[in-house]
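Novice: Residue strings, one per chain:
Number of protein chains: 2
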Amino acid sequence: MSATELGPGDLAGYRPLREAIATHVAAARAVRCDWRQVIVFSSTQQSLDLAARLLLDPGDSVWMEEPGYPGARAAFTASGARVVPVPVDGMGLSVSAGKTLAPATRLAYVTPSHQFPLGTTLSLARRLELLRWATEHEAWIIEDDYDSEFRYTGRPLASLQGIDGGERVIYAGTFNKIFFPSLRLAFLIVPEALVDSFTAARAATDGAPPTLLQGALADFIASGHLAAHIRRMRELYRSRRDALLDAASEIGRLVALGPADTGLHVVAHLPDGADDRDIARRAHAQGLGAPPLSRYYLGPPSASGLLLGYAHEPPERIRQGIRTLARVLSASRKR
Amino acid sequence: MSATELGPGDLAGYRPLREAIATHVAAARAVRCDWRQVIVFSSTQQSLDLAARLLLDPGDSVWMEEPGYPGARAAFTASGARVVPVPVDGMGLSVSAGKTLAPATRLAYVTPSHQFPLGTTLSLARRLELLRWATEHEAWIIEDDYDSEFRYTGRPLASLQGIDGGERVIYAGTFNKIFFPSLRLAFLIVPEALVDSFTAARAATDGAPPTLLQGALADFIASGHLAAHIRRMRELYRSRRDALLDAASEIGRLVALGPADTGLHVVAHLPDGADDRDIARRAHAQGLGAPPLSRYYLGPPSASGLLLGYAHEPPERIRQGIRTLARVLSASRKR
Numbered sequence: 001m002s003a004t005e006l007g008p009g010d011l012a013g014y015r016p017l018r019e020a021i022a023t024h025v026a027a028a029r030a031v032r033c034d035w036r037q038v039i040v041f042s043s044t045q046q047s048l049d050l051a052a053r054l055l056l057d058p059g060d061s062v063w064m065e066e067p068g069y070p071g072a073r074a075a076f077t078a079s080g081a082r083v084v085p086v087p088v089d090g091m092g093l094s095v096s097a098g099k100t101l102a103p104a105t106r107l108a109y110v111t112p113s114h115q116f117p118l119g120t121t122l123s124l125a126r127r128l129e130l131l132r133w134a135t136e137h138e139a140w141i142i143e144d145d146y147d148s149e150f151r152y153t154g155r156p157l158a159s160l161q162g163i164d165g166g167e168r169v170i171y172a173g174t175f176n177k178i179f180f181p182s183l184r185l186a187f188l189i190v191p192e193a194l195v196d197s198f199t200a201a202r203a204a205t206d207g208a209p210p211t212l213l214q215g216a217l218a219d220f221i222a223s224g225h226l227a228a229h230i231r232r233m234r235e236l237y238r239s240r241r242d243a244l245l246d247a248a249s250e251i252g253r254l255v256a257l258g259p260a261d262t263g264l265h266v267v268a269h270l271p272d273g274a275d276d277r278d279i280a281r282r283a284h285a286q287g288l289g290a291p292p293l294s295r296y297y298l299g300p301p302s303a304s305g306l307l308l309g310y311a312h313e314p315p316e317r318i319r320q321g322i323r324t325l326a327r328v329l330s331a332s333r334k335r
Numbered sequence: 336m337s338a339t340e341l342g343p344g345d346l347a348g349y350r351p352l353r354e355a356i357a358t359h360v361a362a363a364r365a366v367r368c369d370w371r372q373v374i375v376f377s378s379t380q381q382s383l384d385l386a387a388r389l390l391l392d393p394g395d396s397v398w399m400e401e402p403g404y405p406g407a408r409a410a411f412t413a414s415g416a417r418v419v420p421v422p423v424d425g426m427g428l429s430v431s432a433g434k435t436l437a438p439a440t441r442l443a444y445v446t447p448s449h450q451f452p453l454g455t456t457l458s459l460a461r462r463l464e465l466l467r468w469a470t471e472h473e474a475w476i477i478e479d480d481y482d483s484e485f486r487y488t489g490r491p492l493a494s495l496q497g498i499d500g501g502e503r504v505i506y507a508g509t510f511n512k513i514f515f516p517s518l519r520l521a522f523l524i525v526p527e528a529l530v531d532s533f534t535a536a537r538a539a540t541d542g543a544p545p546t547l548l549q550g551a552l553a554d555f556i557a558s559g560h561l562a563a564h565i566r567r568m569r570e571l572y573r574s575r576r577d578a579l580l581d582a583a584s585e586i587g588r589l590v591a592l593g594p595a596d597t598g599l600h601v602v603a604h605l606p607d608g609a610d611d612r613d614i615a616r617r618a619h620a621q622g623l624g625a626p627p628l629s630r631y632y633l634g635p636p637s638a639s640g641l642l643l644g645y646a647h648e649p650p651e652r653i654r655q656g657i658r659t660l661a662r663v664l665s666a667s668r669k670r
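Chains as they are written, first to last, in our numbering: chain A, 1 to 335; chain B, 336 to 670.
Warning: the hint list may mix true and false statements.
[Claimed, not checked] Distance windows between CB atoms, simulated: (1) 470/B <-> 320/A: 56 to 66 Å; (2) 90/A <-> 633/B: 37 to 47 Å; (3) 103/A <-> 493/B: 56 to 66 Å; (4) 275/A <-> 439/B: 35 to 45 Å; (5) 493/B <-> 80/A: 54 to 64 Å; (6) 551/B <-> 273/A: 45 to 55 Å; (7) 152/A <-> 551/B: 29 to 39 Å; (8) 616/B <-> 80/A: 55 to 65 Å; (9) 273/A <-> 341/B: 36 to 46 Å; (10) 535/B <-> 99/A: 28 to 38 Å; (11) 196/A <-> 652/B: 52 to 62 Å.
[Unchecked claim] Simulated crosslink set (EDC-like; lysine to aspartate or glutamate; CA at most 16 Å straight-line): (12) 177/A <-> 19/A; (13) 669/B <-> 613/B; (14) 99/A <-> 138/A; (15) 99/A <-> 129/A; (16) 177/A <-> 613/B; (17) 512/B <-> 129/A.
Because the hints were derived from the structure by calculation, they are not lab data. Virtual Cβ for every residue (Gly too), placed ideally from N, Cα, C.
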C-alpha cells in the first residue's frame, strides 16, 4: 500500500472500488451511474441507517413491504419515522395499497428482485407504478438488491434504478452475502443530488471502510474474479436449491413452497391457522433451523410458514432437514 | 479462518480482540474493566455517534471543551443535543464553569490525557471534581484517550475510567492513530449497565468491524507486538518533537509553544489579535499545513494559534517548516 492508501482516504470510499462497483452493477443489474455516485459502507444495515437519518424527519412515514426485512425496519424506526406496512401479493408490493394507507410518504423501501422474505419478484407494471408515484410525490425509493446475484431461472428484470435513471432511486448492494458476512463491505448508489450530503454525513458518523479491504475487493472485481466467483457459487447454490425442491416435492401435501427462482432461501407455506412459531420451535429442537414467517410481519401475520435457507447446507443435510420438517409437521397435525 | 469467523460474529466485537484490549488498557492506562465491556468500532467517530444517539435526547445539553474536537461536536449536534462550550485553562476543562453554564447536563466529553487541541493535561483535582459532579448528577463522561500512548515526559495520570471504576465513564480509544487511519479499528469501554444497549444498537446501525482485521489485531496485541510498536513509534515521534522544540526555540520571539509532553502535535500560540486563519492560509501557500487554532472554537475564539503536527514529518522537514513559519510571521508583522 502507498502512503496515501494508509491515510483516512475518501469518505465516500476508495476510488478504484467505486469504479469497479459502477462497472459491475451496470453489467449485472443495468444500474446507470457514475462512479462518484457509489458510496461504500461496511454493511447494508449501516447504509440504511444513514439513509434513514438523512432522508427522514421524526414522524415521516415510510412504506415497508409486509412481511419485510426487520433490519430495514429497525433503521427507519431508530430515525423516528413511522413505518407503514404495505401488503405484498404475487406481483410484489401493492403500490395502490400504499397510496391508500399513507399517501404522503417520504420513502419506500423495497426488495424488487427477490422480495424478502416471500421471494416474489416485483412485476414490471408495479415497478413503473412505483416509480411514477415517487416522481409525482418527490419520494425516495430504496431498492435493496441484497441477493440478486443468485438467480437460477429466467431473466432478471432491470433494476428500478436502471429504469428510473437514478433520479429517485437509491440502490443498495452488498458483498457480505456474495463472500462471507464478516467481510463487511456494502454500497449505495445514490442520485447525483444526494452525493454531497451522503459524503458529508459519512464524516460525522464513521468514514469509509478499511482501505486494505476496499483495495483487495477492487482488484478482485477488476480482474474478473468476482464474475467467476458468482458463476461458481450460483451453480453450487442451484444444486442445493434443486435438492430442496426435489425433497420437498415428496412432502407436497404438507407444505407449499414459494418462488425459488432467486436467492438463498425459500418459504414453505403452512396451512392457514398453523402456528409457525410453535412449529419452528419444534423443528429447532430436532436440529432444523427454520425461522417462522410470522416473525417478519409488523402487524398481525396474514400467512404462516417457515424460511428454509439452503445455500449453506450440502444436499444430504438438506434432504435430512426436509425429512425432519415432515416429521414435525405430521406430528403437529395429529395433535 | 474458521467457518465461525466468516460469519457475522459477535455484534460487540471479536472476543479475542476484546480480551486483548481489556488487558492492554489495564496495563497502559489503569482502565478497570471486564472484556465484555469492550465494544469494537471502526472509528472513534462511529463510537461517539452511537454514544450520542443512545445517551442523548434532542435538546439535552453536552459539555464540550472549548476549544475542542470538531468530530465529537458533529456527533453530538447530529443527535439533536445542545453543545455547551466549556472553557479550558492550564488545568484542563473548568468544571466550575461547566456547572454555571449548564448545570443540568447529561454528558461531558473530555480529552483528559492531552486536551485536543491545546495539549493540556486535566489535573487530578479536576478529574476528581468532574467525577464527583457526574456521580451527583447521574451524568455520563466520555473520556477520549485518542493519543495517550505517545507520552514523552513525565508519568501519565490514571485514566478517569480507572479512578472512577467505570460507573459513569465511557472510555474511547483508537488504533487508527497508533497504526494508520485507514485501518479502521477503535473501541469503547462502557459501564456494565450500558453493555446491552450498546450491543443492541450495533445491530440496528452496523455490526462489528471485519473479523479478519479484528483477529489480526488481537494476535498482534497478544503476542506483544503492540507494546513494542508503541515503544518504537514513541521514540520516533519523540525525536521529531525534539526537532520541533529545538527549531522553535530559535523563533521564540514569534510564537509561544503549548504543552508538548504528549501527542502528535503542538500548538504555536500567536500574539493576541493575530489573525490565525490568514496566517494559516499564507503558510499553506508556502507548503506548510498548520490548521488555525480558531477553527476549533464553537464560540468566538479566545486565543490565536496554529496546530503544528510533527509525527509524520522527518526532522529536516520540520526544521524547514519552522523556517517557513518564521518567514510568514515576520512578513505578517511588518504589514
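Novice: So, for every hint listed, does it hold in this structure?
Specialist: Here is how each hint holds up against the structure:
Distance hint check for residue 470/B and residue 320/A: the Cβ-Cβ separation is about 58 Å, which falls inside the suggested range of 56 to 66 Å. Checking the proposed 37 to 47 Å range against residue 90/A and residue 633/B shows it is violated: the Cβ atoms sit about 56 Å from each other. The beta-carbon spacing between residue 103/A and residue 493/B, approximately 60 Å, falls within the hinted interval of 56 to 66 Å. Evaluation of the 35 to 45 Å hint for residue 275/A and residue 439/B yields a failure: the beta carbon distance comes to about 50 Å.
About 40 Å separates the C-beta atoms of residue 493/B and residue 80/A, a value inconsistent with the hinted range of 54 to 64 Å. Checked against the hint of 45 to 55 Å, the pair residue 551/B and residue 273/A passes, with Cβ atoms roughly 52 Å apart. Look at residue 152/A against residue 551/B: about 36 Å separates their beta carbons, and that is inside 29 to 39 Å. A hinted range of 55 to 65 Å for the beta carbons of residue 616/B and residue 80/A is inconsistent with their spacing of about 41 Å.
Under the hint 36 to 46 Å, the C-beta atoms of residue 273/A and residue 341/B, about 39 Å apart, fit the expected range. A hinted range of 28 to 38 Å holds for the C-beta pair residue 535/B and residue 99/A, which are about 34 Å apart. For the hinted restraint 52 to 62 Å between residue 196/A and residue 652/B, the CB-CB distance of approximately 34 Å leaves it violated. For the given pair, residue 177/A sits about 20 Å from residue 19/A by alpha-carbon distance, which is inconsistent with the 16 Å threshold.
In summary, the hint linking residue 669/B to residue 613/B is supported, as the alpha carbons are separated by about 14 Å, within the 16 Å threshold. Among the hinted pairs, residue 99/A with residue 138/A is consistent with the structure: their alpha-carbon atoms are about 14 Å apart, no more than 16 Å. A C-alpha spacing of about 11 Å is found between residue 99/A and residue 129/A, which places the hinted pair at or below 16 Å, so the restraint holds. Simply put, residue 177/A and residue 613/B have alpha-carbon atoms about 51 Å apart, too far for the 16 Å limit, and the pair is violated.
Annotation: proposed proximity of residue 512/B to residue 129/A is violated, straight-line Cα distance about 50 Å (limit 16 Å).
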